[in-house]
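J.: Taken in order, these protein sequences are the chains called A and B. In this text, residue positions in the first sequence follow the working numbering: the first is 399, and each later residue adds one. In this text, residue positions in the second sequence follow the working numbering: the first is 403, and each later residue adds one.
Hints may contain errors.
Said to hold, decoys possible - Facing chain B, from chain A, some residues (calculated, C-beta under 10 angstroms):
hint: 1; residue: 528
hint: 2; residue: 565
hint: 3; residue: 759
hint: 4; residue: 761
hint: 5; residue: 773
hint: 6; residue: 777
Stated by the list, open to error - Estimated spans, in silico, between C-beta atoms of each pair:
hint: 7; chain 1: A; residue 1: 485; chain 2: B; residue 2: 655; range: 15 to 21 angstroms
hint: 8; chain 1: B; residue 1: 452; chain 2: A; residue 2: 746; range: 30 to 36 angstroms
hint: 9; chain 1: A; residue 1: 752; chain 2: B; residue 2: 461; range: 41 to 47 angstroms
To be verified - Chain B residues, not near chain A, derived (Cβ > 12 angstroms throughout):
hint: 10; residue: 423
hint: 11; residue: 490
hint: 12; residue: 510
hint: 13; residue: 542
hint: 14; residue: 639
hint: 15; residue: 662
hint: 16; residue: 672
hint: 17; residue: 685
hint: 18; residue: 705
hint: 19; residue: 731
Treat the hints as calculated values from the structure; they're not laboratory data. Cβ atoms here follow ideal geometry from the backbone N, Cα and C, with glycine treated the same way.
Chain by chain, the residues:
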Amino acid sequence: MTLVITGLGMVSPVGEGPEAYWQGLLAGVSAPQPITDRPGIPDSHAYRVARADADGSTRDDRRPRCLDLARSAVRQALAGAGLGDTRDSALHVGLFLGTGTGDGEAAEQVRDGRRSAGTDTWWAYGGAARLGDELELTGPVQTVSTACAAGAYAVALAAQSVLRGEADVALAGGAEVVSRPALAAFLRLGAVDPVHCRPFDAKRQGTVYGEGAAFLVLESAEHARARSARPLATVDAGGWSCDGHHLTAPAADGRQAARAGREALRRAGVLPEQIAAVVCHGTGTPLNDRTESRVMTELLGPRAATTPVTAVKSVLGHSGGAAGAFSCATAALVVAHRRLPPVANLDVRDVECRLAISSSPQPVGSGSVLLNAYAFGGNNISLVIGPVS
Amino acid sequence: MSTPRLLDAGIVVTGVGPVSRHAIGRAELAGVATEWSDSPARDEWLRPLDAFDAARRLGRKGWRALPPAARYAMVAARLAGEDARLDADLDGNLVGVVLGTNFAADETVDRFDRAVLAEGVRGISPLEAPNFSINVAASQVSVDRGYRAFNITLIDLFTAGSSALWTACQALEDGRAPVALAGAAEGRPPRQSTEVLAPTLDEGAACLLCLETTDHAAARAARPLGQVRAGAQLFVPAAVVEAPDRLDALTHSLLDGAVRALPAGLSGVDVDVVRPPASARAEAVAAAAIRWTAARTDAALVGGPDGGRAAAQASATAPLRLASQLARRTTASRALVQVVIGPEGHLVVLVLSPTA
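For reference, chain B alone in the conformation it holds in the complex (with noise of 0.2 angstroms):
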């Protein structure tokens, strides 16, 4: 439906576990000051993880034979719990993981597939086998913390990492667990992704957030840093992209619920307009969102003026931003709206406001 859905329980979000060139850790995070916008192509596409230091967060054993994104997810997942100070007796069923990823198993599949020409199925290694399955990163992220209320991995190309979100708050609302860690975490993105997302990706990326019901936030007087009040995910055809009135209808009416799913009171609305500097279509959807901000006087892009094109961290992008802005948030005011737009014609929106 082109209008936000509203949760009826209060999700918040209590930590954020970012792990990205830019900061490993909400300390680091916040002590960033860019918005997550891509930097201008240089001569590399590929930029190295160079801060990650796998031993130094994961111990000498245990991740050897993991993919990297496996890796990037169980620390996040590690510094969203410690961020949200969960307890580290926490009953695992009470806590779910909802992963998006694009390319945690590609390196692998790449590499797999190669060997195979090469030497046959002893081209491959028993012990990374299993690394050809896209899940493994979420799967992963159970096995070494123990969250058995449920583990799914999403994936679309940009937004799966929102979806994740979105996906994980409807559970809790539903009662499956009430808590989840969601969010999204990549490996090695193929060249050619270039073309679609942006001219220079970064190498991987993990951003986990830590969400909660109320309920369960308040019981055990953690600190949220916002609560999410409402959300949506859709398709946008290429039909309604090339047709700017039905394209501005369907973004309007979404960018008008959002802001009455908002509770009263607040001086603001600040919109995060996310999207791959690459691709046409996204900023086809994007410039109808913007002309939605520009049009409201209490509405503000984050980002500025041309809001939020970046796409370097694949589908772990939006939720670096948004852990990003939670982590940097210093006034109780202004709500966050993070609109997310794919190459490929998805739309994740998630409205938060400030808690008390």
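For reference, chain A alone in the conformation it holds in the complex (with noise of 0.2 angstroms):
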């Protein structure tokens, strides 16, 4: 069975929809935002969506945000993919969400006085089931806390749903939005830039948090073809593996990484000279831009110094549990536009980068996209995105 992507949602710092997504990664430009409404990180930073509510009003900063977000991109994608009504008993449509902290951000408004705790402050994961409900799903909804690799791990298990048949169509994303504790944590670890989001850079110093929802539609090919949904791209197949190393730290040797990109092509019977193009994890970490540079020339053999290669976090940030979802959306318009956004924020090169990254677009050719997330705790996937044939 072919699986295929039918429509995409994004709400990111570089604009709502595909299409405002799109010429956004493209143009390359966007900064990071001082963070004015989180008390108790002063002089901190992040790629920020700033929205007013879908009717125009001033935004109620007590509604669950991550939910917004996740709800405005599962919207887009089913009006994409020409799926308006899932109330249809007959069709079993499921939604699996990725997400790092989820809507965390009521229960530090209680903690910083900013609103009392009541039945919605507690728990930061209800958002998929809050969908599930609005959207009267009767196939799995699931959430995947994998850390930063949770997007493309809910996109391979969505993926999978469908392909064994237990539901019919997929929704399939991360959401994530800034959590005061999480962005604490990693400025206590030194992790984090305090310019911009700089992958692959020489100066680069960490990553910088971001925010957003990105959401696939999935459903088999037939599936697809029976209701004249027109398929954007393929999703062919992803490679999973945990380096058991360190919570924190990639092993260097990147040999998991490597065996997840392996596997990945495996099982999607692509060759690596037949990867027309690959959107890295590409954090801006020293150690994991090294480590994936090192990984990706290996797996990519002599065709690593000219395989394009891209780093989107350089214009969203690091969205977390959103970040693969983010890849894998990316990866379906690399390939409906056969071009690939630049790598922003690229003064310097580091030299043990060695992959064909550029900061301005770089032109695709015919066949796969092999996208990677790598996580806290050294868990990784790849995933090839393929053309429609």
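Dock chain one against chain two, each of which comes alone in its own frame, and use the hints as you go.
T.: Okay, here's the thing in structure tokens:
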């Protein structure tokens, strides 16, 4: 069975909706903003999503923001796929949401005195179920929290759910907003770049938090064809692994990350030379980028020097549990447009990162796109997104 | 879909690793008479896990900076591996980890945030800094045991541990590894969670099961406790809960399918309907499952006429109940269907048969 992507939805620091998102990535211009709405972490910054409520009114900051972003991305994706009503009782639609900290902001507001404790402030991870109720979903609804790989794992699990016939259609993605305790932990670990997110740049000092939500609609090619939906790309296969090495640092030898990449290619039936582009995890953290460069060099072999590579966190920041979903959505757009967005903020490239990165958009030849997502705990996943034949 | 999916590959349970206030380890678990139903509310809302001694279980070093849920998960993994008699030299690339949790990071996140407000980021210890991430417990199992096939954390309220078991079965079926440790680990819950789970909660628990392909288990002469035949994971939206006919149709179709997934020759099926006592939504779904069971002469509810109202160990509750039943089963004639119902609409069904 061929699995296809028929809809995309994004709420990102560079725009909402696939077209604005794509143009924002190609422009490669964005900057982190000072975080002014979180007492306790002065002098911190992040790539934020600034948005009013849907009706244009000023946003009520007591509403669950992560859920709001996810809801917008889901609705865009459903509309793009031509699936207006999920309440058709004969259609089993699932939803797989990757997130790291969910809607923990409500509890933060209780702690800093902005609101009182209530029934809606203690559980940060009810977003997927809320969407399940709103959309009356009857397929699997699952929240994945494998840290910064959660969004990619959500897509992988959703893909398997459709392939196994557990859902006719699956919504797969991720959502994340700034979390004060998580950002503070990153700051304490010295893992935040004080300027901006600059993967593969010689002066990179860490990552920078990002916000947003990205969702994809997955279904079988046959199901899409039966309802005359237009596929954007295929989801071919995924490879999984775990370093089992350290809670925060990747294993420097990259052996397990490479194994995930090889496994993705093997399961997809794709040779390294058939990879037309790579959407890297690319966090801007010195060791992560160096390790990923080594892994991609090993995996792609002689073609590593010429296979175009991008790192969208240079434009979006690191949206944690949503990041892998953004990479999947980006890969689908790369396959559809045959162009690769630039790596932004690339002043002096790290000589130890010998990949075909560019500060300008690059053309992409025929073939598939490989994407990587790596996470706290050494959790790795690579996915192959292919062109529609 | 509203029918369980049969596993193409044979998947067996070869070991259990329970860590709870009732029992730590299979031997203790087998001796516990309880069906894991929650006791009535008492004065306190939180019961300590006072039998757990991290130093005795994990040694003097390597765990002190970890959150309690990670310590419980590490011990549960060691116990499950010992119970399954996994070779200590087993290639870690052959073993995956899927862990459910709801509250593995709750206490840490709360403490970090209060420290940041009081002292700024320096209020967080760098050694503890990674612990804000809810996947630390699962990750630490892989770090501790060297299990590297995959490592996934699932977090839906109450059902995450059962989702983890089903996800692990499917990963084994897909050939991602021949062995997986799967289940749940929990840390201290927030007090408000008593409103949807149970009046009295435990401060922590864990339970991991060792799952293996039948081929792998047979090759090393492992002694299976049961075979996972089928499973389902779906969502029951509020609109369906409010429509009794639709709810019965969905639930009964699921359970009919579960029975069809079983091999012939069994004398009956035990149905374990696990749901939190404080959730009216979960109770409505449970009632439909109980009606199905009552209408069949070959089916019996686990835990008496009301079935399994229990949630004191949050997402670890259902895996603990499952392990408890596998550990105490002495007859090889009845199947077990566990129906796990969350307060937010999640539903997981696991269908197990005895092994010859």
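J.: Evaluate each hint against the coordinates.
T.: Each hint tested on the structure:
1. 528: holds (8 angstroms)
2. 565: Holds - the Cβ of residue 565 of chain A comes within 10 angstroms of chain B, reaching about 8 angstroms at its closest.
3. 759: violated (34 angstroms)
4. 761: At about 35 angstroms, which exceeds the 10 angstroms cut-off, the nearest Cβ of chain B leaves the hint on residue 761 of chain A violated.
5. 773: holds (7 angstroms)
6. 777: Since chain B brings a Cβ to about 5 angstroms from residue 777 of chain A, closer than 10 angstroms, the hint holds.
7. A:485 - B:655: 15 to 21 angstroms: Check passed, 19 angstroms falls within 15 to 21 angstroms.
8. B:452 - A:746: 30 to 36 angstroms: Between residue 452 of chain B and residue 746 of chain A, where Cβ atoms are some 57 angstroms apart, the hint is violated.
9. A:752 - B:461: 41 to 47 angstroms: holds (43 angstroms)
10. 423: Correct as stated: the minimum Cβ-Cβ distance to chain A is 22 angstroms, above 12 angstroms.
11. 490: Fine: 15 angstroms to the nearest Cβ keeps residue 490 of chain B off the interface.
12. 510: violated (8 angstroms)
13. 542: violated (7 angstroms)
14. 639: Violated, because the least Cβ-Cβ distance between residue 639 of chain B and chain A comes to about 4 angstroms, which does not exceed 12 angstroms.
15. 662: Residue 662 of chain B is indeed farther than 12 angstroms from all Cβ atoms of chain A, at 16 angstroms.
16. 672: Label holds. Min Cβ-Cβ 25 angstroms, cutoff 12 angstroms.
17. 685: holds (17 angstroms)
18. 705: Check passes; 26 angstroms lies beyond 12 angstroms.
19. 731: Label holds. Min Cβ-Cβ 28 angstroms, cutoff 12 angstroms.
Consistency with the previously given hints fails for numbers 3, 4, 8, 12, 13 and 14, ordered from lowest to highest.
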